[in-house]
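Student: Taking the hints into account, I'd like the entire structure generated from these sequences.
In case you want the letters, here they are:
Protein chains: 4
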Amino acid sequence: MDQEIIAKILKFRDERDWAQFHNAKDLAIALNIESSELLELFLWKGEADADIEKVKEELADVMIYALLLANKYNIDVHSAIEEKLAKNSQKYPVDKSKGNAKKYNEL
Amino acid sequence: MDQEIIAKILKFRDERDWAQFHNAKDLAIALNIESSELLELFLWKGEADADIEKVKEELADVMIYALLLANKYNIDVHSAIEEKLAKNSQKYPVDKSKGNAKKYNEL
Amino acid sequence: MDQEIIAKILKFRDERDWAQFHNAKDLAIALNIESSELLELFLWKGEADADIEKVKEELADVMIYALLLANKYNIDVHSAIEEKLAKNSQKYPVDKSKGNAKKYNEL
Amino acid sequence: MDQEIIAKILKFRDERDWAQFHNAKDLAIALNIESSELLELFLWKGEADADIEKVKEELADVMIYALLLANKYNIDVHSAIEEKLAKNSQKYPVDKSKGNAKKYNEL
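Read top to bottom, the protein sequences are chains A, B, C and D. One gets the numbering used here by counting positions in the first sequence from 1 and adding 1 to each. One gets the numbering used here by counting positions in the second sequence from 1 and adding 1 to each. One gets the numbering used here by counting positions in the third sequence from 1 and adding 1 to each. One gets the numbering used here by counting positions in the fourth sequence from 1 and adding 1 to each.
These are computed hints drawn from the structure, not numbers from a lab. As the structure is a computational prediction, the values presented were derived from the model and not from experiment. Some clues are possibly wrong.
No copy is singled out in the list; a pair is fine if it fits within one copy or between any two copies.
With a cut-off of at most 27 Å between alpha-carbon atoms, the simulated DSS-like pairs for lysine-lysine come out as follows [as the list claims (entries may be wrong)]:
| hint | residue 1 | residue 2 |
| --- | --- | --- |
| 1 | LYS88 | LYS73 |
| 2 | LYS46 | LYS103 |
| 3 | LYS12 | LYS85 |
| 4 | LYS99 | LYS85 |
Tutor: This is the structure in structure tokens:
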């Protein structure tokens with residue numbers, strides 16, 4: 002993830018002296034809340050009816066808290082994603098999971 | 002966000018012919034579920050007791066679905082974050098919110 | 002809510018000496034996690050494909066944590082629901098909201 | 002669960018002709034959103050600082066959607082809870098789990 006955008010997020014936090022509230026547990030709670038606010042944009046609706054501008058906003062909120070959590074634990078997001086994709090390719094081998102939405106323990 | 006990592010996520014999806022399941026509503030649900038799996042690592046515990054390797058994995062899952070949703074709507078993640086930080090600086094002016102965890106409508 | 006079922010939940014908790022972990026914040030986190038496990042039964046699927054036995058189990062988990070939280074704050078669930086229905090009938094007057102899924106601030 | 006309170010919830014729904022939106026998947030999403038709104042009352046705070054009146058309101062919202070889902074599948078909530086407590090006593094035998102917050106697969 003671009004160091005520049007992470008720096009902007011940290012600057013926003015530090016201008017407001019908010020690091021004191023940002024223990025990992027509360028960051029994980031905040032991330033959960035933002036993901037629910039994003040999900041709410043699809044409640045009672047189909048995909049086509051969601052407000053794209055609001056999706057963009059809520060997705061940004063989700064990303065901000067995800068990056069704050071990553072920063073908290075010195076997690077390199079790109080490496081973490083690559084490792085997870087590698088792990089998932091074991092859980093979901095192409096031959097078993099192609100065109101199939103089943104969870105790995107039901108394959 | 003690095004185009005390279007997004008390309009890897011899309012390749013993983015397309016090798017398994019999973020785009021057919023990835024309507025935005027279900028992607029938002031999946032994102033919500035992964036954020037809860039991340040939060041579960043802190044349940045009944047304090048920050049210091051969370052398993053960092055598992056945090057890294059679940060955070061990767063959250064990021065993967067967030068990036069798939071961004072890709073779905075052609076959202077540039079860096080721009081979206083910058084716009085949201087700008088919007089948030091209106092909702093949370095430094096002079097009112099410094100050192101203060103109150104929500105904007107309680108400031 | 003039936004005092005009998007609440008008593009059984011509390012007995013289960015006390016046999017295991019778990020009240021020490023059940024501060025309200027962690028109970029709210031647990032409730033959130035269970036609601037996501039319930040939601041996961043509908044991921045990538047339509048309503049008709051959900052496993053009813055699993056829905057029953059996860060719904061029970063949600064109810065157990067909701068009742069533990071209510072018990073924590075001495076909340077009478079029936080009264081709380083009645084008050085909320087009364088409040089909601091103000092936010093969603095029949096003439097404005099009939100046959101309409103809009104949120105109250107969009108009516 | 003008291004038939005009377007369920008009847009009031011259904012009456013509220015039917016006065017507004019909202020059953021048409023209440024497919025199980027969206028009910029599960031709504032339940033998830035309300036549980037996040039409840040959790041938000043504890044964000045950046047300790048248990049002692051949560052607003053009890055708001056906890057009562059959000060808990061009522063959670064219960065309303067949980068009961069609508071139970072009604073959708075003809076689930077008797079008391080039986081479901083009793084069955085889950087019985088199942089949980091297998092996963093969490095008293096001798097192994099007493100005074101211990103570990104998940105069943107870590108006991």
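Student: Under the constraints set out in the numbered hints, which ones does this structure not fulfil?
Tutor: none
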